[in-house]
Amino acid sequence: DVKVTQSSRYLVKRTGEKVFLECVQDMDHENMFWYRQDPGLGLRLIYFSYDVKMKEKGDIPEGYSVSREKKERFSLILESASTNQTSMYLCASKPTPLGNTGELFFGEGSRLTVL
Amino acid sequence: AQSVAQPEDQVNVAEGNPLTVKCTYSVSGNPYLFWYVQYPNRGLQFLLKYITGDNLVKGSYGFEAEFNKSQTSFHLKKPSALVSDSALYFCAVRGISGGYNKLIFGAGTRLAVHP
Chain Z
1 DVKVTQSSRY
11 LVKRTGEKVF
21 LECVQDMDHE
31 NMFWYRQDPG
41 LGLRLIYFSY
51 DVKMKEKGDI
61 PEGYSVSREK
71 KERFSLILES
81 ASTNQTSMYL
91 CASKPTPLGN
101 TGELFFGEGS
111 RLTVL
Chain P
116 AQSVAQPEDQ
126 VNVAEGNPLT
136 VKCTYSVSGN
146 PYLFWYVQYP
156 NRGLQFLLKY
166 ITGDNLVKGS
176 YGFEAEFNKS
186 QTSFHLKKPS
196 ALVSDSALYF
206 CAVRGISGGY
216 NKLIFGAGTR
226 LAVHP
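Which chain is which? The protein sequence lines are Z and P, in order.
Its first residue numbered 1, the first sequence is counted upward by one per residue in the working numbering.
Its first residue numbered 116, the second sequence is counted upward by one per residue in the working numbering.
Since the hints were made in silico from the structure, they are not lab data.
There may be inaccurate statements among the hints.
[Unchecked claim] Residues from chain Z shown here face chain P by an in silico Cβ test under 7 Å; the list is partial: (1) G40; (2) G102; (3) F106; (4) G107; (5) E108.
[Stated by the list, open to error] Here are the simulated lysine-lysine pairs, DSS-like style, with alpha carbons at most 30 Å apart: (6) K55(Z) <-> K3(Z); (7) K164(P) <-> K55(Z); (8) K164(P) <-> K3(Z); (9) K173(P) <-> K3(Z); (10) K164(P) <-> K71(Z).
[What the hints assert, rightly or not] Simulated coverage check for chain P against chain Z, where a stretch passes if three residues somewhere in it have a Cβ under 8 Å from a Cβ of chain Z: (11) 149-157; (12) 160-170; (13) 217-228.
Just so it is clear, CB atoms sit at the ideal spot from N, CA and C, and this is done for glycine as well.
Chain P on its own, in the form it takes in the complex:
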């Protein structure tokens, strides 16, 4: 079955500290993996993606994600968190349903960065 798990409902981090938001996936074949961010009362914004190549992917706003095939994980990271990073983060994997590609989303992780 195709699925994405974000095991933490919320992550709390102090400003300036590194942050990690976890994601694991289950999909057949080579995965296409994505991270999106949602600020309050807004739509989702694309952050970064892994398709192939280097396991460390860099994206917008200083975020990066590490693809680990053996652990089927794609954790989102940032070396130094900002208060403005506080938002809802979604991990997604490309799956196939009825012959069509679609994105399967995790439940989301709320990141709270405290001053």
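Here chain Z stands alone, though its shape is the one from the complex:
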């Protein structure tokens, strides 16, 4: 089974702090994604990466950056956390389109509270 691991399940940070959310997948998937989940808004795509050192903005990239130095690891960075970034963050991965019809494999989520 594909395993997507998010290192921190719960974090509490203060406004202005730098926050790192780490995600590791063990199935050699090329594509990795970061979503945030908020009640009534569903999942919104922040950033995604289709290869090492490659990144693309999603629908709500403002206030976030990402890093993909190794294929298995995709990090989400909040340079200066703000209270409106309090949310559940979900990492996901999937293999390349060939032979794959698009379903994502999700981690357990990281619930971030910014005070």
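Based on these hints, arrange chain P on the given structure of chain Z.
Positioned in the frame of chain Z, the structure of chain P alone reads:
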């Protein structure tokens, strides 16, 4: 525009009764449609998908979904609900943004199954 609508915030069903969770979509071309389930404080789990072929798709945990092209709908169904089915359900459609495939999620529907 590419979008997914889940018109019900919450669905309440008695255990043993059939359940339906509604989803409609808007996407150009042939749709790739998905249902995911999220249990409390967990990530999303893939339930089923429609790519092509039979309009009735069977998935995990006894769930099925019916693709209706004329109504642009992909409703999730189960003949007999269980209390353990209580969770948050997300419908998603594959869309294209900036030349890349991505999943577009609905806002989610909370299913509550009462004993």
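A quick look at each hint next to the structure:
Interface hint status for G40(Z): upheld, as the beta-carbon distance to the closest one in chain P is roughly 6 Å, under 7 Å. At its closest, the beta carbon of G102(Z) sits 5 Å from a beta carbon of chain P; the interface hint therefore holds under the 7 Å criterion. For F106(Z), the interface hint holds, since its Cβ comes within 7 Å of a Cβ in chain P; the closest pair sits about 4 Å apart. The interface hint given for G107(Z) is met, as the beta carbon of that residue sits about 5 Å from the closest beta carbon of chain P, less than 7 Å.
Taken as an interface hint, E108(Z) checks out: its beta carbon lies about 5 Å from the nearest beta carbon of chain P, inside 7 Å. For a cut-off of 30 Å, the pair hint linking K55(Z) to K3(Z) stands: about 21 Å separates their Cα positions. A threshold of 30 Å between alpha carbons decides the hint, and for K164(P) with K55(Z) the separation of about 27 Å falls inside it, so the pair holds. Between K164(P) and K3(Z) the alpha-carbon distance is near 20 Å, which keeps this suggested pair within the 30 Å criterion.
As the CA atoms of K173(P) and K3(Z) are separated by approximately 24 Å, the hinted pair is consistent with the 30 Å bound. Straight-line distance between C-alpha atoms of K164(P) and K71(Z) comes to about 27 Å, which keeps the hinted pair within the 30 Å bound. Look at the region 149-157 of chain P against chain Z: 4 of its residues bring a Cβ nearer than 8 Å to a Cβ of that chain, three or more, so the hint holds. Counting residues of the region 160-170 of chain P whose beta carbon lies closer than 8 Å to any beta carbon of chain Z gives 4, which reaches the threshold of three, so the coverage claim holds.
Evaluation of the coverage hint for the region 217-228 of chain P: fulfilled, as 6 residues show C-beta separations to chain Z shorter than 8 Å, against a requirement of three.
In the structure shown, no violation is registered for any of the earlier numbered hints.
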